[in-house]
Amino acid sequence: MGDSSDVIVVGAGVVGAACAYYATRSGLSVTVIDRGPVAGGTTGAGEGNLLVSDKEPGPELELALLSTRLWRELAEPLPLQIEYEAKGGLVVASDPAGMDTLRELARGQEKAGVLAEEIPADRLAELEPHLAPDLAGGFHYPQDAQVQPALAAAHLLRASDARIRLGEEVTGILTATTGEVTGVRTATGTVHAPHVVNATGTWGGELAQRAGTELPVLPRRGFVLVTEPLPRVVRHKVYAADYVRDVASDSAALQTSPVVEGTPAGPVLIGASRERVGFDRTLSVEALRRLAAQATALFPVLAGVRAVRAYAGFRPYLPDHLPAIGRDPRVPGLLHACGHEGAGIGLAPATGALIAGMLSGGPLPLDPAPFSPARFVGGAAP
Amino acid sequence: MPDSASEPYDLAVIGAGCAGLAGAVTASELGLRVCLLDGSGQVGGQFFRHPAPALGALRPQALHHDWPAFAALRQRLEASDTRRLLGHQVWTVTRGSGELWTVHALSGVDGGAERPVRVHARAVLLATGAYERQLPFPGWTLPGVVAAGGAQAMLKSGLALPGKRIVVAGSGPLLLAVASSLAAAGAQVPAIVEASGYLRYVTHARALVANPRKVLQGAVHGASLLRHRVRPHSRSAVTAAHGTDRVEAVTVSRLDQDWRPVPGTGRRISCDALAVGHGLVPQIELATGLGCATRRTPDGTHALVLDGRQETSVPGVWAAGETGGVGGWELARVEGELAGRAVAFRLRGVLVDPARVRELRRRRDRMRAFADAMAVAHAPRPGWTHWLDDDTDVCRCEEVTARRVREAAAELGARDARTVKLLTRAGMGWCQGRMCAAAVACLAAGGGDEGVPPSPERRPLAVPVPLGLLGSPAGADEAGADEAGINEAGADE
Chain E
0 MGDSSDVIVV
10 GAGVVGAACA
20 YYATRSGLSV
30 TVIDRGPVAG
40 GTTGAGEGNL
50 LVSDKEPGPE
60 LELALLSTRL
70 WRELAEPLPL
80 QIEYEAKGGL
90 VVASDPAGMD
100 TLRELARGQE
110 KAGVLAEEIP
120 ADRLAELEPH
130 LAPDLAGGFH
140 YPQDAQVQPA
150 LAAAHLLRAS
160 DARIRLGEEV
170 TGILTATTGE
180 VTGVRTATGT
190 VHAPHVVNAT
200 GTWGGELAQR
210 AGTELPVLPR
220 RGFVLVTEPL
230 PRVVRHKVYA
240 ADYVRDVASD
250 SAALQTSPVV
260 EGTPAGPVLI
270 GASRERVGFD
280 RTLSVEALRR
290 LAAQATALFP
300 VLAGVRAVRA
310 YAGFRPYLPD
320 HLPAIGRDPR
330 VPGLLHACGH
340 EGAGIGLAPA
350 TGALIAGMLS
360 GGPLPLDPAP
370 FSPARFVGGA
380 AP
Chain W
0 MPDSASEPYD
10 LAVIGAGCAG
20 LAGAVTASEL
30 GLRVCLLDGS
40 GQVGGQFFRH
50 PAPALGALRP
60 QALHHDWPAF
70 AALRQRLEAS
80 DTRRLLGHQV
90 WTVTRGSGEL
100 WTVHALSGVD
110 GGAERPVRVH
120 ARAVLLATGA
130 YERQLPFPGW
140 TLPGVVAAGG
150 AQAMLKSGLA
160 LPGKRIVVAG
170 SGPLLLAVAS
180 SLAAAGAQVP
190 AIVEASGYLR
200 YVTHARALVA
210 NPRKVLQGAV
220 HGASLLRHRV
230 RPHSRSAVTA
240 AHGTDRVEAV
250 TVSRLDQDWR
260 PVPGTGRRIS
270 CDALAVGHGL
280 VPQIELATGL
290 GCATRRTPDG
300 THALVLDGRQ
310 ETSVPGVWAA
320 GETGGVGGWE
330 LARVEGELAG
340 RAVAFRLRGV
350 LVDPARVREL
360 RRRRDRMRAF
370 ADAMAVAHAP
380 RPGWTHWLDD
390 DTDVCRCEEV
400 TARRVREAAA
410 ELGARDARTV
420 KLLTRAGMGW
430 CQGRMCAAAV
440 ACLAAGGGDE
450 GVPPSPERRP
460 LAVPVPLGLL
470 GSPAGADEAG
480 ADEAGINEAG
490 ADE
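Protein sequences appear in the order of chains E and W. Quick note on numbering that gives the first Met the number 0: the first sequence kicks off at 0 and runs consecutively. Quick note on numbering that gives the first Met the number 0: the second sequence kicks off at 0 and runs consecutively.
If you're looking for bench data, these hints aren't it; they were derived computationally from the structure. Idealized CB from N, CA, C, for every residue including glycine.
Derived, one-sided and incomplete: chain E residues facing chain W with beta-carbon distance under 7 Å:
id, residue
1, G166
2, L282
3, A306
Here chain W is said to cover these stretches of chain E; the calculated rule only asks that three of the stretch's residues, wherever they fall, bring their Cβ under 8 Å from a Cβ of chain W:
id, segment
4, 29-37
5, 290-299
Sequences and hints are given; from them, build the entire structure.
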């Protein structure tokens, strides 16, 4: 049952797939292992947003801008089935005060290289004809895009040429007497490699523990409502100004802000709720009620449209809202690539490129210091 | 109740078929305040489906050998003060504050004036029945190909036959009943095609002998089929339906032990309709949404795990009838009564009649053993996937072909129905996979029994809900026990 490669990536979600893709492209041999199927965790529960618009200036926005470029490159060789759409985002405000907040955010983002265009109230209908008529205005972000996340992960993984072992749980990390990683133990055997990448998303803390270290990843639950298939009534990703505030908040209580978008297949997806309740999948009628009420307030035409499905996902949340990308300070050979909260699809390529650079010793596309897992060691965490 | 002026019910019963009716009248007669909800405008469920009063049918019992049993239950319901919320589709059940459950329903779905209704109760009895399992084959989406149970339901509702010359095919005891009703209603039934060998019952002979009534029913159907010259084909399947605008003929092939078609055995039978079904699947999404434990049944479906008193693994949530494993209306009635008694004892300490309960349990266990024997005999064998060609639509809502499902499993890393759904949209359409989930799960597992066993479907919304209603504020729509006696949607005759 022995098997060896240069790198083992644990996790076949979109981040694991991107790590495998860029690592094999730097000449490394890679084995991807997951206890479930491809995209079986948070990737399969996501909407596939590739956003710069919801990020305040700082390291995460840098990562998102790099990812935006990389997704555009990836969409070329990858088949059309990943449903890449450079649809653009539209953030709307209900009152002048909300508009001021958006202006301030956009000014900062523009300095970092984000394209943002102010849309006065009377021009909103040109972008989104079905929006409620009484909004104060908004900002258009042409760089925002979307993919179908499960397809994106599956095709990225296939294009990586990595060896793939699905349905096989990693039960332990193998180390030499000197402490360096030498591989992993799974339910059915061992796989050897001098490097192990923890791309297990919301379950990243669990794998860290099996390796004898720690990573404070927690689940932050979100519900998505899916409507019956519709002709294109929503053209962009449309969300309210409150969304930016909710994304950045630390609250454990239920928060909802409307995020509405159409899909090429027809259904409209409605998010986004956030609450810290562990891995509880129980339907929250209150969360759905708020999502439905807020979405129909933005798009009154949706009131008569039926939701046919709802599902929960668990965003991998780290206390400072930044992902952990880089070497573990305690276990040599172990790297983390998890904790992207609700932005894992968007941030996956940049994460993969960084990890591949660290593994191959090649140049890094941006400064990884803010994402270092070492920030959680010795009470340094905020 | 803290957030409403209305008193909660003791028991909310979801589903007004045999199980739900028996549970509701039993609990009500033992002094409980009961609310009975059903999506249909009438009580009776699938088995005792009957024409709407407006059709003026003189003898709704004509298609029912066991009508008196249903009439008795209905009479007891009318004599009780059970609140009937008919025409109410339940979309989810949630655990509220304290020991209360909230049943979320939509009323007026068919009439246009939809509104949300919430019912609070101290206990819930899930009696939501089952739906039919379909295994696709080339041509199964042609007009004229109908569900076997659906064809019978149409007849019972006083509506038309699906055709004049109808082949009945699939697997399971329902086929005999369907063929016999279609023939009795005047259709020509040139063939009844059963995939299993009926002989497999013999290995479970003890369960059969213990159920003489079931054997008798089979004999009655058998005699009726002989009289109507219906030709039985066992170990055979319809492996293709032919036609351009509508089915004109089917190919019937012999099957081997694993249900693979035996080459060279295909025979064409002309017909203008095909009624097809492969048994029933327990409808348990409300229960799985509450976290109730499930078990694999011998024929590969998922049913609820129930204790001797019909309670699920979630205290306060009971189930009866097909939700605990498909077993027919008599078993459903017995389980409904057992559940009603158990709830009355739990909530009110109403002393049970020990002799009656012993008798009910004896009957239940006997009928369950029989149902399990039937399930073993009719369980689909993995070779059925050889009926499919690559271009057969497996998911008809989203038009996903067998080729795409196989590619998702073989090349893209899907190992279960859920991932196939994510990668192909199979099961994402209007029916939410009720039609194709069984087939997709088999194909995802590579056609064999190996691979990941399909998990019970999670459908947090049991029925589609308009966003405008989903978003309406809580508290405006309570249906309380203090209004008992006012029966909504009084379409029940």
